[in-house]
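All chains should be modelled from the sequences, with the hints used to inform the complete structure.
Line by line, the protein sequences give chains A and B.
First residue of the first sequence? That's 1 in the working numbering, and the numbers climb one at a time after it.
First residue of the second sequence? That's 1 in the working numbering, and the numbers climb one at a time after it.
FYI, nobody ran anything at the bench for these hints, they're computed from the structure.
Heads up, a few of these hints could be off.
When the alpha-carbon atoms are kept at most 20 angstroms apart in a straight line, the in silico SDA-like pairs for lysine to any residue are as follows [what the hints assert, rightly or not]: (1) B:LYS7 <-> A:PRO65; (2) B:LYS132 <-> B:VAL142; (3) B:LYS7 <-> A:SER10.
Calculated from the model, a selection of chain A residues having no Cβ within reach of chain B, i.e. all distances over 12 angstroms [said to hold, decoys possible]: (4) LEU45; (5) ASN135; (6) LEU137; (7) GLU143; (8) GLN175; (9) ALA236.
If you want the footprint, here are the derived chain B segments under chain A, 3+ residues with CB under 8 angstroms [to be verified]: (10) 29-38; (11) 49-61; (12) 114-127; (13) 148-159.
The C-beta atom is built at its ideal place from N, Cα and C for all residues, glycine as well.
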Amino acid sequence: MSAKPTMDRSRLAAFADGELSPEEAAAVVMHLADHPEDQVYVDNLMAANEALLQAFSDPMEEPVPQAIKNVILGEPKTADIIPFRKRPAVWISTAVAATLALVVFTGPDLFAPASAPNLTLGPVDTGSNLAVALNSLPSGVPEVAGTDQEFMILATLPISDGYCREFEVINRAAQRINLGIACITSDSWVVEVTMSEPLSASGTDDGFVTASGAEMQGLMPFLDRLGAGASLAPAAEADLIENGWTP
Amino acid sequence: MTDRFRKDLVALVPKLRRFALSLAGNQPDADDLVQSACVKALKNADQFREGTHMDSWMYRIIQTLWIDDRRRAKTRGAPVDPELAGLSDEGRSARLPEDRMMLDMARSAMGALPEKQRIVLSLVAVEGLSYKEAADVLEVPVGTVMSRLSRARDALLPQLGMAKGPMQ
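Okay, here's the thing in structure tokens:
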């Protein structure tokens, strides 16, 4: 038989929900020992809490759905599809491709005043047109320099310790189209690989090519070695442009 | 927006899906809700204050979106479908038939609660927030949280075959 009066239900609920201080909780425990009716209510509250917790607990054991992950990380499935001109065929041989770091392009001027140095492998001068373009241009947006040069970033790829950007330079005066990859792992860009062919042999002026398409095969060994992932979606790339490229 | 923000948000998704499931009553709607909430959070990332609880911020976004959706739909919401209620094994993982029955009853009872009571009960009983934390999420006084909880339990306990407590 329960002793009267019973304790206020909001206090019993606060006890069941762990809201009380140790001293307050101890007082409730003492009360419950003499009031089985209240003890039943507290037991019911705790059982209901546990039932609710279990009833909706499955998501805690499941992987994050890819669709939600894509929304957050900006990696939609279409991220690999980027609009750009059909890439030129790679002129370096397979043997040379294995030692890409040794390849040096000595072709026409790169997206720069005529006085600028030719595109070469190695660090990009801070403040140069190429550095500015790599830091600030989104993929797929052509940048025209003068009447005969055009520069465009083709894609941004995450690598294990930074980012790489593929770019192309069309030099109509020299009738060359050049493809390069520059990477940033600390605070400055480094041109890691370049390729070139005559513009007249490069095929169409525009088109859609997947980043993993045949035109990329010559770059794959290099990108694989860097652990490059799928090209970033525009939103993720825009964040990097806005916030800097620090890995 | 930092990469850290995005990573923290991804890490939070399981809890957000659980909270959304307790509101929506089925996983597809819950995932739509979480996805919409994430989009909103990313758009308003500059409003998130570093060092504050991201989970509370996201709970607030989710419950706001859920209520907005419900108002737009002008319905009481689809009844909880046990086969869609988030248990891919339809509750078979619960060891005993009584356990499965209890889970089904808990989901149905939750789905029958008014919106505000469902939200506060989920925050406290499912997400484990304190009354103060729940009050902060909902931007209401702690007393309001307690009264909504009390009404929610008055309705819930009988649905679970339990007495709703001693008469006051």
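Original post:
Of the numbered hints stated previously, which ones are contradicted by the structure, given in increasing order?
Top reply: 3, 4, 9, 11
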